[in-house]
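Asks: Order-wise, the sequence lines are chains A and B. Residue numbers for the first sequence follow numbering that gives the first Met the number 0, beginning at 0 and rising by one. Residue numbers for the second sequence follow numbering that gives the first Met the number 0, beginning at 0 and rising by one.
Worth double-checking, as some hints may not be accurate.
[Unchecked claim] Chain A is faced by these chain B residues, among others (derived, beta-carbon under 7 Å):
hint	residue
1	80
2	178
3	180
4	183
5	184
6	185
7	187
8	189
9	191
10	197
11	199
12	276
Note that these hints are calculated values from the structure, not bench results. Just so we're clear, the structure is a prediction, and the values are computed from it rather than from any experiment. Ideal Cβ positions, reconstructed from N, Cα and C, are used throughout, including at glycine.
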Amino acid sequence: MIQFTNVSKRFSRDGQSFLAAQNINLDIKQGEFITVIGPSGCGKSTVLNMCAGLMKPNGGEIYYRGKQVEKINTQVGYMTQKDNLLPWRTVKANIEIGLEIQGKGAKERERESSKFIEMVGLKGFEKHYPQELSGGMRKRVSLAKILAYNPETLLMDEPFGALDAQLRLILQDKLLEIWKNTKKTIIFVTHDLEEAITLGDRVAVFSKRPGTIKAIYDVDLPRPRDTFNVRYTDEFKTIQTRLWDALKEEFIEEGNVG
Amino acid sequence: MNVGVANTKESSKVSNKPIALDDEVKISPIKEKMKLNGMRLALLVVILVVWELISGNLVDKFWISKPSDIFHALYTWFISGELLFHIGITAQEMFIGFFIGAIGGALLGFLLGRWDFAAKLLDPFIMALYSLPKVALAPLFILWFGIGIEMKIVFAAVIVFYLVFFNTYAGVKNVDQDLLDNIRLMGASERQILLKVTIPSALNWVFVGLKMSVPYALIGAVVGEITASNRGVGFLISYSAGQFDTAGTFAAILILMVMAVLLNFVLGLLEKHFLRWKQTNSN
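Chain B extracted, bound-state conformation:
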């Protein structure tokens, strides 16, 4: 008896220790992260300071501008309202293009995924169009839609369309046969199979396609603007460069970079929310 009691006491003592250890382990990653972020910030400051110092002294300002000028350009655009205007235009082209392309791609991908004959029939045509570098279509779209916002929307939509189309098609084709058999045995109708297995299973792939294509929608919009336009962030880049305004060019590129980073961040959050079931048991 005594031995047993002693044992439990000891084991409770022992089990206390790992808990304390655990807490330490939990705290340290946060510290680590803060340290890392601090160092990143320091690196950024160093780069900006060095840039500022060498510009005009070691390297001609014409080539690399300088951070203070770039922020000044940004500030001027912000005050005049141009900044938000151009961002708004680009965002609009991107989102509308994205939705048109995504809906079209998902619908056709789903249709061909279910309809084998049509998929076989259209396969060479779809592949031929897919192989074509999409930038080559820009002049044609200008011819058709002019240099306004429509041309960029169509351009972004075409790029997004292919990515979403291929992923949706693959998703519908790759539904696990065992899952289908399993639900069929339960007496499911074709409609129930579609709603409860095929579509949710394909959605996973569609999400991947959507996620991949959002940055491409931005690329599509900006490439369209650089090709021919009078507004948008792409226009800001090409216009500033055309005026030999290096600070403006850098400023516009910076805007684009921030837009892309924000976009990826939001996508990451959405993915975490919608695809929770995909995360493996990491506790």
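One chain only, chain A, in its complex shape:
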């Protein structure tokens, strides 16, 4: 459903240009949950930006449902690292904004928003403003916001990075449940290997800059997966070892070698 063919992206900063992403080839099937992992600054977010149509690749093409992505891709819901909440709107009004844009009535908005507020554990905070919340809570609001308006595909850029470990497990579990029920396609960027394995059908491993996909691993753990316990199974550990072997080279700085 989403195809990256030889996609490259070049940035220039202070007169110097550098490649952020190079020759990315990736084919994502409809309904697939793919996780993307790699060292920071390797161009993972750039890939999501290009998929959302916020950036144009300098080389190669991206196709979404067979159509080249050239402008903003409204089929995708994008949860960036920044929470992007509207500061003058309350938690509830922020979560309802996507539904407002779709022209949904007040009753339906109310129903949807309260469902997702409950899901992310922010009951009682509906009338608060983003400024009054902690970073982790804002993250949860933006998760509820993107889920509430129900886009076909979800692009998620380290959505659970700022959360504590327990809450992260709970929300991973909820996300898998939603994914199972809605059959959404999800591209999920993370720097946490365990998270990548727990959630994904496949894990794409990025090399360090200029980022390119080094390898793609199938995660054939049975579903539904128990986000709390799956990491203690032998199969999980086998995959983890294999992936870590591929990943660790990318974390070694040139200066550290020899």
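Given the structure of chain A, go ahead and fit chain B onto it with the hints provided.
Replies: Chain B only, in chain A's frame:
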């Protein structure tokens, strides 16, 4: 088991203490504030008494008048109805000027904020006019509008216009690009983007401009009145001074001061009400 129970008991005892402490902490700022206000009042009384005593004894009354004379002047104006009349005139000039200037500034700021070419084209002209000290325009306005209330309204409006214009322009220009991208991805139309992101985001800046410009509207009205007029608080000041009536001059200045203080107070309340979302988590 026993240990566990003992522990919970102890911890509940311990947790009682901070609550009691909290209450004390909460009460003391109020006490502190009352003490401070009491001292301020005492200071004011001391100043007034010293003023009253030295006037006519150490310093000639002609220069500094004396509090009792000033209150007498105020009282006379109040009884004759002049006080409210002049305050009404000044307030009228200020508010009408403020609204005209604010609406004009907000509209043009918004227009140029959205229309890059026009903004670039007009930039040097707007800056040139902005650099001009506005007081220099007063004689021209007298020529055009006479010395009546219209001239003060226009004068106040011009000053307010620039402050609101620049803030609105900056507000429209500084809408967070990420917020715009985010709502675009949700499939928002240009109109929805304008209504749900651009305008609310710019409004924050417009509020700042409005708040800043209310005192300037008062300045505009009063400067206009001092330049040429036959009514208003500014007129009271210049007229009393012209009559060598020091008590009257002080009284008129006092009126102006009270007006400005009240204005700022009301603005503070409005800001608290409208910009609640801006307050950070202070509980």
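Asks: The structure should be examined with respect to each hint, and the outcome stated for every one.
Replies: Hint check results:
Using the Cβ-Cβ criterion of 7 Å, the hint placing residue 80(B) at the interface with chain A is not satisfied: the shortest such distance is roughly 45 Å. For residue 178(B), the suggested interface contact is upheld, since its CB lies about 6 Å from the closest CB of chain A, less than 7 Å. Of the supplied interface hints, the one on residue 180(B) holds, with its beta-carbon coming within about 5 Å of a beta-carbon of chain A, less than 7 Å. The closest approach between the C-beta of residue 183(B) and any C-beta of chain A is roughly 5 Å, which is under the 7 Å cut-off, so the hint is satisfied.
A hinted interface residue such as residue 184(B) counts as satisfied when its beta carbon comes closer than 7 Å to some beta carbon of chain A; here the least separation is about 5 Å, so the hint holds. The interface hint given for residue 185(B) is met, as the beta carbon of that residue sits about 5 Å from the closest beta carbon of chain A, less than 7 Å. Below 7 Å, beta-carbon pairs count as interface contacts, and residue 187(B) has one with chain A at about 5 Å; its hint therefore holds. For the restraint placing residue 189(B) at the interface with chain A, the shortest Cβ-Cβ distance is roughly 12 Å, beyond the 7 Å limit, so the hint is violated.
The restraint placing residue 191(B) at the interface with chain A holds, with a minimum CB-CB distance near 6 Å, inside the 7 Å limit. Taking 7 Å as the C-beta cut-off, the interface hint given for residue 197(B) is violated, the closest approach to chain A being about 11 Å. About 5 Å separates the beta-carbon of residue 199(B) from the nearest beta-carbon of chain A, less than 7 Å, and the hint is met. Because the smallest distance between the Cβ of residue 276(B) and any Cβ of chain A comes to about 4 Å, under 7 Å, the interface hint for this residue holds.
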